[in-house]
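Student: Sequence:
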Amino acid sequence: MTSTKDFKVVIAGGGIAGLVLANMLEQFDIDYVLLEAHSDIAPPVGASIGMFPNGLRILDQIGCYEPIKEIFGGQVPYDVTHTRNEKGEVIGGIDSIFHHLEKRLLQILYDHVQHKDKIQLSKKVTDVKLVKDGVDVSCADGSVVSGTILVGADGIHSNVRKIMHNLGHTLEPGYFDPKEEDNVPCYYACSFGIAQHVPGWAAGEQSMVTGKGRSQLVVSGPDNRVYWFLFEKLPETTYGKYIPRYTKEDEERFVKRNHNVAITPKVTFGQVFEKKLSSTLTPLHEVVYKKWFFKRIITLGDSVHKPNPIGGQGANGAIESCAELVNNLLRVRDNRESGLSNLADNNIQHIFSEVQSARYEKAQAIVDRSHEMQALFAYDNPAISTLVWDILGPLGVDESTLNRMADSYVGGTTLHQLPVPYRSRAIPFHDELPAKPVSKTISNYARLGFVGGMGLAALATSKAFRLPFKELGAWSKSPVLAVPMFNEDPLTLHLFNFLPQLISPLLIYAIEGHRLGNQGTLLSLPSLFSVAMQVQGIGRIAPIYAILSSFLGFETPSSRAVPLHVAKSLIPAITVGFLMPTIMALTPTPQIQAWKHWSALWQFAPPLFNLLVASFSAGLKKWNGPEKREGERDMSRYEAKDVSTLQSVYTFAFAVQATAHITTTAYAWSDPDVSLFQTFLNLPNLVGYLGSQLYPSGT
Numbered sequence: 001m002t003s004t005k006d007f008k009v010v011i012a013g014g015g016i017a018g019l020v021l022a023n024m025l026e027q028f029d030i031d032y033v034l035l036e037a038h039s040d041i042a043p044p045v046g047a048s049i050g051m052f053p054n055g056l057r058i059l060d061q062i063g064c065y066e067p068i069k070e071i072f073g074g075q076v077p078y079d080v081t082h083t084r085n086e087k088g089e090v091i092g093g094i095d096s097i098f099h100h101l102e103k104r105l106l107q108i109l110y111d112h113v114q115h116k117d118k119i120q121l122s123k124k125v126t127d128v129k130l131v132k133d134g135v136d137v138s139c140a141d142g143s144v145v146s147g148t149i150l151v152g153a154d155g156i157h158s159n160v161r162k163i164m165h166n167l168g169h170t171l172e173p174g175y176f177d178p179k180e181e182d183n184v185p186c187y188y189a190c191s192f193g194i195a196q197h198v199p200g201w202a203a204g205e206q207s208m209v210t211g212k213g214r215s216q217l218v219v220s221g222p223d224n225r226v227y228w229f230l231f232e233k234l235p236e237t238t239y240g241k242y243i244p245r246y247t248k249e250d251e252e253r254f255v256k257r258n259h260n261v262a263i264t265p266k267v268t269f270g271q272v273f274e275k276k277l278s279s280t281l282t283p284l285h286e287v288v289y290k291k292w293f294f295k296r297i298i299t300l301g302d303s304v305h306k307p308n309p310i311g312g313q314g315a316n317g318a319i320e321s322c323a324e325l326v327n328n329l330l331r332v333r334d335n336r337e338s339g340l341s342n343l344a345d346n347n348i349q350h351i352f353s354e355v356q357s358a359r360y361e362k363a364q365a366i367v368d369r370s371h372e373m374q375a376l377f378a379y380d381n382p383a384i385s386t387l388v389w390d391i392l393g394p395l396g397v398d399e400s401t402l403n404r405m406a407d408s409y410v411g412g413t414t415l416h417q418l419p420v421p422y423r424s425r426a427i428p429f430h431d432e433l434p435a436k437p438v439s440k441t442i443s444n445y446a447r448l449g450f451v452g453g454m455g456l457a458a459l460a461t462s463k464a465f466r467l468p469f470k471e472l473g474a475w476s477k478s479p480v481l482a483v484p485m486f487n488e489d490p491l492t493l494h495l496f497n498f499l500p501q502l503i504s505p506l507l508i509y510a511i512e513g514h515r516l517g518n519q520g521t522l523l524s525l526p527s528l529f530s531v532a533m534q535v536q537g538i539g540r541i542a543p544i545y546a547i548l549s550s551f552l553g554f555e556t557p558s559s560r561a562v563p564l565h566v567a568k569s570l571i572p573a574i575t576v577g578f579l580m581p582t583i584m585a586l587t588p589t590p591q592i593q594a595w596k597h598w599s600a601l602w603q604f605a606p607p608l609f610n611l612l613v614a615s616f617s618a619g620l621k622k623w624n625g626p627e628k629r630e631g632e633r634d635m636s637r638y639e640a641k642d643v644s645t646l647q648s649v650y651t652f653a654f655a656v657q658a659t660a661h662i663t664t665t666a667y668a669w670s671d672p673d674v675s676l677f678q679t680f681l682n683l684p685n686l687v688g689y690l691g692s693q694l695y696p697s698g699t
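One point on numbering: in full-length UniProt numbering, the residue at position 298 of the sequence shown is 298, and numbering is uninterrupted.
Quick caveat, the hints were computed from the structure, so don't treat them as lab data.
Glycine included, every Cβ here is placed at the ideal spot set by N, Cα and C.
Among the clues, some could well be false.
[Said to hold, decoys possible] Quick list of the computed label-pair ranges, beta carbon to beta carbon:
1) Val643 <-> Leu601: 29 to 39 Å
2) Asn335 <-> Leu456: 28 to 38 Å
3) Ser278 <-> Asn624: 46 to 56 Å
4) Gln501 <-> Asp431: 38 to 48 Å
5) Tyr445 <-> Leu601: 42 to 52 Å
[As the list claims (entries may be wrong)] Under the rule of at most 27 Å between Cα atoms (straight-line distance), these lysine-lysine pairs were calculated in the BS3-like manner:
6) Lys129 <-> Lys179
7) Lys233 <-> Lys275
8) Lys362 <-> Lys291
9) Lys212 <-> Lys256
10) Lys641 <-> Lys621
11) Lys124 <-> Lys291
12) Lys118 <-> Lys87
13) Lys241 <-> Lys87
14) Lys8 <-> Lys118
15) Lys241 <-> Lys124
16) Lys124 <-> Lys212
17) Lys233 <-> Lys248
18) Lys87 <-> Lys291
19) Lys291 <-> Lys179
20) Lys248 <-> Lys275
Generate coordinates for the entire structure from the input sequences, incorporating the hints supplied.
Tutor: What follows is the structure, given as structure tokens:
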């Protein structure tokens, strides 16, 4: 093995980040010592940890995933996640994807450490000296621990970070922003803890509760435990040294003030708190520091990137940062003949710089998203929260929530020199794709070009097949499809060719409107676009729809699914709701009154199609019997049962449209009196033309 002689990592902090890093270093025979301030490696401070795919994948690499599963007997401790209003009433729900642990995760990580002698307790870091080729770390008990580098994984109140900043101010003034610590914001206070045997609490559930100026996250755990977070907005944002440090008396006042706050219609916060095993009241810092390292000291995890815990990404982000540090250490070790021995200061700082470069933007994104999520739940902006929870919520905001969450995971890193155990998953990580995804910058430029092109297309169709409102007064009673009655071949052929082609946009609007990933967006309202198509014309609405899709569309493959009962309804609905009225409206008949009725009906054919899709799919859903449990329904999206049905829909649409196109083109080609150019490329606004023919000005 490549040499690691004389290289030693000193880790300050025995939390998630510190213990994960210790396990990683052992995997590659890199020497370390871990200094933990507490006398217990897993103190019962009442915290719970949200583990997500990006963090669990790395834990799986170092052999800690299976022990985590064993805590719950291989099962997720709850079956459903509810979003509730401030009265505790359910307003939404998504299939659960969280695994919440308490100090047991710390115990698992500690148990997995092979060299327990390298874990030293009651070792609070009080000072650090930069010495030749290393660091001397002083502890509160008077001991001094030496190493090559120091990793501060000691949380938001990090002593290592404070010492590092002081060293920077002394040795390199201006390296750290002297005002940065004073600018760290705190918007919320949080009561978190663990309760057990709470009366009225439904086991197997998680509740995320909205409220005015507060929100809650309450989760079922093993052994009838309940983990809670209650977030309360501070009267005003505090910063830096003015951020409060709460006492037990402060906690008592907090609990009394929020005692009757509902979690569910049957359970209040006070009832949960009365059954507490442990609890803590703490301010919530939200920050990503500008610089994470100085000389031979680097800070990771909450000590340098601290999000609001409502997003559950704090521990997962810390694990990713540790993985990036180890990856860069191994890269240097493999590229140097002497391995990690005798690394100069500039070598160390280059390693640290690579770690921050790899993690900074994502850490900032996590902090920003967590803040936005908290603001949404706590009605920081009442208008936006009301729109999301009261209006968009019933339309499927939970699906868009899943998409945003997935976006936080798919770019996750791994330990590059350890295999990733196979686990089935619906969404691949970026590093599992056959090609690297394009950057956000390139994607944004491509979207900008696309939007510009579609915008020009919409402007260019200002005279297309749509209602010219200025002329409606003269011919408001004329049917749009009067062309066949005039027996003018170019116009007649154009309609026979053009109208069946509307099947494509109608099906697109309907299918995309029912895809799971589009729920909660304007794309989930196909009737809106079909009606607009009749008023403004497909030439204008199609580009507008394309522009909306470029901003509102989904990226995750799991969001592709269309409910099977909807897919099966499409062919009957398009046949009855659109094809039949179109055929009848285009068919010449001596019964003028009947023809006028069919022509009038055709005006409503596109929205009628959407109405029939809803009706037929509801009937099929009822015919198929009672639905499965919520979790089983949600898992059906991965079975791709709708694919074959959708393929049949596409084949049907192609056959109808191809037949109409080939027939009309062949007729125009074979008739010497019909011009292809006049038929397809040189027609006036059809609606305006028909109106002027039926009701000339002044009549």
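Student: Indicate, hint by hint, whether the structure satisfies it.
Tutor: Outcome of the hint check:
no.	hint	result
1	Val643 <-> Leu601: 29 to 39 Å	holds, 34 Å
2	Asn335 <-> Leu456: 28 to 38 Å	violated, 51 Å
3	Ser278 <-> Asn624: 46 to 56 Å	holds, 48 Å
4	Gln501 <-> Asp431: 38 to 48 Å	holds, 42 Å
5	Tyr445 <-> Leu601: 42 to 52 Å	holds, 46 Å
6	Lys129 <-> Lys179	holds, 23 Å
7	Lys233 <-> Lys275	holds, 24 Å
8	Lys362 <-> Lys291	holds, 15 Å
9	Lys212 <-> Lys256	holds, 17 Å
10	Lys641 <-> Lys621	holds, 15 Å
11	Lys124 <-> Lys291	holds, 23 Å
12	Lys118 <-> Lys87	violated, 50 Å
13	Lys241 <-> Lys87	violated, 36 Å
14	Lys8 <-> Lys118	holds, 11 Å
15	Lys241 <-> Lys124	holds, 21 Å
16	Lys124 <-> Lys212	violated, 40 Å
17	Lys233 <-> Lys248	holds, 19 Å
18	Lys87 <-> Lys291	violated, 43 Å
19	Lys291 <-> Lys179	holds, 13 Å
20	Lys248 <-> Lys275	holds, 17 Å
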